[in-house]
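**Q** Order-wise, the sequence lines are chains A and B.
When the letters of the first sequence are read in order and numbered with this note's numbering, they come out as residues 1 to 304.
When the letters of the second sequence are read in order and numbered with this note's numbering, they come out as residues 305 to 608.
Worth flagging that the hints you see were computed from the coordinates, not collected in a lab.
Every value quoted in this text rests on a predicted model; they were computed, and no experiment measured them.
Hints should not be assumed to be uniformly reliable.
Computed beta-carbon distance windows for the label pairs [what the hints assert, rightly or not]:
| no. | chain 1 | residue 1 | chain 2 | residue 2 | range |
| --- | --- | --- | --- | --- | --- |
| 1 | B | K598 | A | G248 | 18 to 28 Å |
| 2 | B | D469 | A | A288 | 24 to 34 Å |
| 3 | B | S555 | A | K76 | 51 to 61 Å |
| 4 | A | G248 | B | S306 | 52 to 62 Å |
| 5 | A | N89 | B | T518 | 17 to 27 Å |
| 6 | A | R83 | B | P378 | 54 to 64 Å |
| 7 | B | K598 | A | K76 | 46 to 56 Å |
| 8 | B | S555 | A | A192 | 40 to 50 Å |
| 9 | A | G194 | B | L527 | 23 to 33 Å |
| 10 | B | R324 | A | K294 | 36 to 46 Å |
| 11 | A | Q92 | B | E517 | 28 to 38 Å |
| 12 | B | S456 | A | D103 | 51 to 61 Å |
Sample of chain B residues with no beta-carbon within 12 Å of chain A, all distances over it, derived [as the list claims (entries may be wrong)]:
| no. | residue |
| --- | --- |
| 13 | M305 |
| 14 | G323 |
| 15 | V372 |
| 16 | G373 |
| 17 | R376 |
| 18 | P378 |
| 19 | W384 |
| 20 | L398 |
| 21 | Q401 |
| 22 | P410 |
| 23 | P413 |
| 24 | K441 |
| 25 | K462 |
| 26 | K463 |
| 27 | R560 |
| 28 | T601 |
Now the stretches of chain A that chain B is said to cover, found in silico as 3 or more residues with beta-carbon under 8 Å [unchecked claim]:
| no. | region |
| --- | --- |
| 29 | 182-194 |
| 30 | 255-269 |
Cβ atoms here follow ideal geometry from the backbone N, Cα and C, with glycine treated the same way.
2 protein chains.
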Amino acid sequence: MSIVVVGTVAFDTVETPFGRGENVLGGSATYFSTSASFFTDVSLVAVVGEDFPEEHVTFLQSRNIDTVGLQRIPGKTFHWSGRYGYDLNEAQTLDTQLNVLMDFKPVLPESYRDAEYLFLANIDPDLQMQVLEQVRKPKLVACDTMNFWISSKPEALKKVLQNVDIVVINEGEARQFTGEANLVKAARQIIALGCKRLVVKRGEYGVLMFTAETVFAAPAYPLEEVFDPTGAGDTFAGGFMGYLANTGDLSEEGLRQAIVFGSVMASFNVEDFSLNRMKRLEYKEIQARFASFKVLTSFRDISI
Amino acid sequence: MSIVVVGTVAFDTVETPFGRGENVLGGSATYFSTSASFFTDVSLVAVVGEDFPEEHVTFLQSRNIDTVGLQRIPGKTFHWSGRYGYDLNEAQTLDTQLNVLMDFKPVLPESYRDAEYLFLANIDPDLQMQVLEQVRKPKLVACDTMNFWISSKPEALKKVLQNVDIVVINEGEARQFTGEANLVKAARQIIALGCKRLVVKRGEYGVLMFTAETVFAAPAYPLEEVFDPTGAGDTFAGGFMGYLANTGDLSEEGLRQAIVFGSVMASFNVEDFSLNRMKRLEYKEIQARFASFKVLTSFRDISI
Chain A
1 MSIVVVGTVA
11 FDTVETPFGR
21 GENVLGGSAT
31 YFSTSASFFT
41 DVSLVAVVGE
51 DFPEEHVTFL
61 QSRNIDTVGL
71 QRIPGKTFHW
81 SGRYGYDLNE
91 AQTLDTQLNV
101 LMDFKPVLPE
111 SYRDAEYLFL
121 ANIDPDLQMQ
131 VLEQVRKPKL
141 VACDTMNFWI
151 SSKPEALKKV
161 LQNVDIVVIN
171 EGEARQFTGE
181 ANLVKAARQI
191 IALGCKRLVV
201 KRGEYGVLMF
211 TAETVFAAPA
221 YPLEEVFDPT
231 GAGDTFAGGF
241 MGYLANTGDL
251 SEEGLRQAIV
261 FGSVMASFNV
271 EDFSLNRMKR
281 LEYKEIQARF
291 ASFKVLTSFR
301 DISI
Chain B
305 MSIVVVGTVA
315 FDTVETPFGR
325 GENVLGGSAT
335 YFSTSASFFT
345 DVSLVAVVGE
355 DFPEEHVTFL
365 QSRNIDTVGL
375 QRIPGKTFHW
385 SGRYGYDLNE
395 AQTLDTQLNV
405 LMDFKPVLPE
415 SYRDAEYLFL
425 ANIDPDLQMQ
435 VLEQVRKPKL
445 VACDTMNFWI
455 SSKPEALKKV
465 LQNVDIVVIN
475 EGEARQFTGE
485 ANLVKAARQI
495 IALGCKRLVV
505 KRGEYGVLMF
515 TAETVFAAPA
525 YPLEEVFDPT
535 GAGDTFAGGF
545 MGYLANTGDL
555 SEEGLRQAIV
565 FGSVMASFNV
575 EDFSLNRMKR
585 LEYKEIQARF
595 ASFKVLTSFR
605 DISI
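One chain only, chain A, in its complex shape (with noise of 0.2 Å):
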C-alpha cells in the first residue's frame, strides 16, 4: 500500500560538534519519504521555491518517490538553521525563514486521494486539518508536530489529535501539551482525546508506544558516532508507516514491529549529515540491524 506524506521540503543549515552543513537537504515531508520509500511507495505533498535544485527532485524520484504533490512556487525555499551541542539531544533554532511555506496550501492530487496511510508532518494544524479533508478514506492516519503549534493553535491542534489513529510526538511536547509531568499520565491524557495511540520519541532513550491498554519500550540503537539529529523523528516515522504500509499489520504486534524499523531507520540517519546515509543504505543493512536491536534487547524468561 502507498503513504502520502504532508510536511515541509526544506533547505537546513546545520552545526553539529563534528562539522557543519550549509545549505542541505532536509525537511519533515524528505526525511519521511526517502525512510518510507525502503519499504513502500510514498507520494509527497509538500512547497518549494523557484531555487529548489533539480537533482533533489531527482533524487526524490530516484527513491521510487511521487513528486507529483510537490508545488513549486515563486520566492525561495523554506530554510532552518540550528545548532546542535554535544549532547545532540536538542536543536537551537538559530533561524527559520518560512518563504514559500507561508503561502501553501496543500493541495492533493487527485490520484493521492484514496491513500490508505497519511502521515501528516509537522506543519501547521489547521492545513493538517486541511488534508485530512481531503483523503476519502484511509486506513490509518498518523501526525506529528511541535513546541510551537500547542503553545500557538492548541485548539487548531486538539481537533488533529482527535481525527487521528496515531500520534507521534516528542517526550516534551507530550507534557507540554498536557502540563503534566508524569509520562505515562500525560500518555493517557492524550489518548482520551480520541486517538488510539501516542508514540512518544524520547530522542537517544528510545521510544515508548501507548495504547489506552499497553505499552511497548524500544531503546535507541547505542551508537558510538552520532554525526547530526537532524531528521530523526521523521526518519523513525518513515521507517514506522512504511513498514505498516508494507505489510498492512495494524495488530499490537505489527506495530511494535513497525516501532523497531522506525528506530532502525533513525539510528542509521544521524550517522552523517542530511540525507547522506540514506542515499547509501541498503536493505540488507536495516534487517542486520533490525536484529541487532532483538539482540540489544532480549532477556530470557524465568520459570521461578
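Could you slot chain B onto chain A? The hints should help.
**A** For chain B alone, coordinates are given in the frame of chain A:
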C-alpha cells in the same frame, strides 16, 4: 550464596512534589541490602550513631540481613537532605551531615571475609579499596560511586574500578569520569580500565549494560505514580546482585535477567517514601512485574 555490602545507613529528609519524609530510614547499604534480601542472604557493613533507633535494626534483621558488621559509635548518624522537582530525575542536595561517617573504618567481621559476592556502595574510594583487601576470594565484586569522588579522588577511584568486575554508575557520572559526551565511547573507556562490565543507570530511561563486545538495553518500568526516587539506584543494584548471588549464573544471559530484576526492584521502591514500599513488597509481586517487563519489551522477529 551470600552478599556483603559496604555503604551507608542514614537518616534522610526528602522533599518531593508529593510529600515530605523527615529523618526517615535511608542510606545506600540499607536500600541495597533490603532489595537483595528478597533473593539471597545479605551481610551489611556500615556505621551509625547513638541516635539510630533499634527498630530500624530490627527491620533489617527481619529481612534476614546480617547486621554483625553494623558498627554503632558515639555521635550522630549520617544525615542527607534533598529535594526533587517534578521531573524527579535528579535530587538537589540541601544538606549533608556526615557525622559518624567521618570516622568510618570499615572492618569486615571474620564471618564476612569468605563472601563470594561483594558490593561496594558509594563511599570514599579509599575505603572501598580497604574493604576489597579484606575479602579473600570473591567470585564477583561490583561498585558504585558518585560525582563527588569523581572530581575529588579520581586516582583512588580509578584504582577501585581496575579491581572490580562490574561498575554500576549513573549516565552523567560515566560522562563526567571520562570527559566523553558519547555514552558508548565513555563505556568503552571505563571498561578499558580493567573492569569487565559497566552498568549505566539512566533513571526513568532505564539501564544499559556494556561489555567490550556486547550491549543490553532495559527500559525503566513506566509508572503513573512516582513518589520518591531516593534509593532507586541502590535498590536496583540490590536486585541485580541479589539475583546473581541467588542463581550463581554469571553468563551474559544470567546477567541480563539480573538487570531486569534490579529494574523491577527499583520500580517498586519509587512508589513510596523511604523503604515503605519494600516493607510491604511480596515476592509474587516481583515475579509479576518481571513478567510485565517481558510484555513491555517484546517484539516479534522478522523473516524477510
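**Q** Does each hint fit the structure? Answer for all of them.
**A** Here is what the structure says about each hint:
Between K598/B and G248/A the C-beta distance comes to about 27 Å, which sits within the given range of 18 to 28 Å. Separated by about 31 Å at the C-beta atoms, D469/B and A288/A satisfy the suggested range of 24 to 34 Å. At about 60 Å, the CB distance of S555/B to K76/A agrees with the hint of 51 to 61 Å. For the hinted restraint 52 to 62 Å between G248/A and S306/B, the CB-CB distance of approximately 55 Å keeps it satisfied.
For the pair N89/A and T518/B, the beta carbons lie near 25 Å from each other, so the given range of 17 to 27 Å is met. At about 57 Å, the beta-carbon gap between R83/A and P378/B stays in the expected band of 54 to 64 Å. The beta-carbon spacing between K598/B and K76/A, approximately 53 Å, falls within the hinted interval of 46 to 56 Å. Hint check: S555/B to A192/A, Cβ distance near 44 Å, so the stated range 40 to 50 Å holds.
A hinted range of 23 to 33 Å holds for the C-beta pair G194/A and L527/B, which are about 25 Å apart. For R324/B and K294/A, the Cβ-Cβ distance of about 45 Å falls inside the hinted range of 36 to 46 Å, so the restraint holds. Q92/A and E517/B have their C-beta atoms about 36 Å apart, which keeps the hinted 28 to 38 Å range intact. The hinted range of 51 to 61 Å is satisfied by S456/B and D103/A, whose Cβ atoms lie roughly 60 Å apart.
Against the 12 Å criterion, M305/B stays outside the reach of chain A, whose nearest CB is about 16 Å from its own CB. The Cβ of G323/B lies farther than 12 Å from every Cβ of chain A, with a closest approach of about 15 Å, so its non-interface assignment holds. Against chain A, the non-interface label of V372/B holds: every CB pair exceeds 12 Å, the least being about 29 Å. Once the 12 Å rule is applied to beta carbons, G373/B is consistent with being away from chain A; the minimum gap is 29 Å.
Every Cβ of chain A is farther than 12 Å from the Cβ of R376/B; the closest lies at roughly 37 Å, confirming the non-interface assignment. No beta-carbon of chain A comes within 12 Å of the beta-carbon of P378/B; the shortest separation is about 44 Å. For W384/B, the shortest C-beta to C-beta distance to chain A comes to about 24 Å, beyond the 12 Å cut-off, and the non-interface label holds. Distance check on L398/B: its Cβ is at least 21 Å (rounded) from any Cβ of chain A, clearing the 12 Å threshold; non-interface status holds.
Against chain A, the non-interface label of Q401/B holds: every CB pair exceeds 12 Å, the least being about 30 Å. The claim that P410/B is not at the interface with chain A holds, since no C-beta of that chain comes within 12 Å of its own (minimum 33 Å). Every C-beta of chain A lies more than 12 Å from that of P413/B, the closest at about 31 Å, which supports listing it as non-interface. Non-interface status of K441/B relative to chain A is upheld: no Cβ of that chain comes within 12 Å, the nearest being about 28 Å off.
Distance check for K462/B against chain A: the nearest CB is about 22 Å away, which clears 12 Å, and the non-interface claim stands. Against chain A, the non-interface label of K463/B holds: every CB pair exceeds 12 Å, the least being about 27 Å. For R560/B, the requirement that its beta carbon stay farther than 12 Å from each beta carbon of chain A is not met, with the minimum near 4 Å. Taking the minimum C-beta to C-beta distance to chain A, about 6 Å, the non-interface status of T601/B is violated against the 12 Å cut.
Note: the region 182-194 of chain A has 5 residues with beta-carbon separation from chain B under 8 Å; the three-residue rule is met and the coverage holds. Coverage of the region 255-269 of chain A by chain B holds [criterion: at least 3 residues with CB-CB distance below 8 Å; count 4].
This entry does not satisfy hints 27 and 28, going by the numbered hints stated previously.
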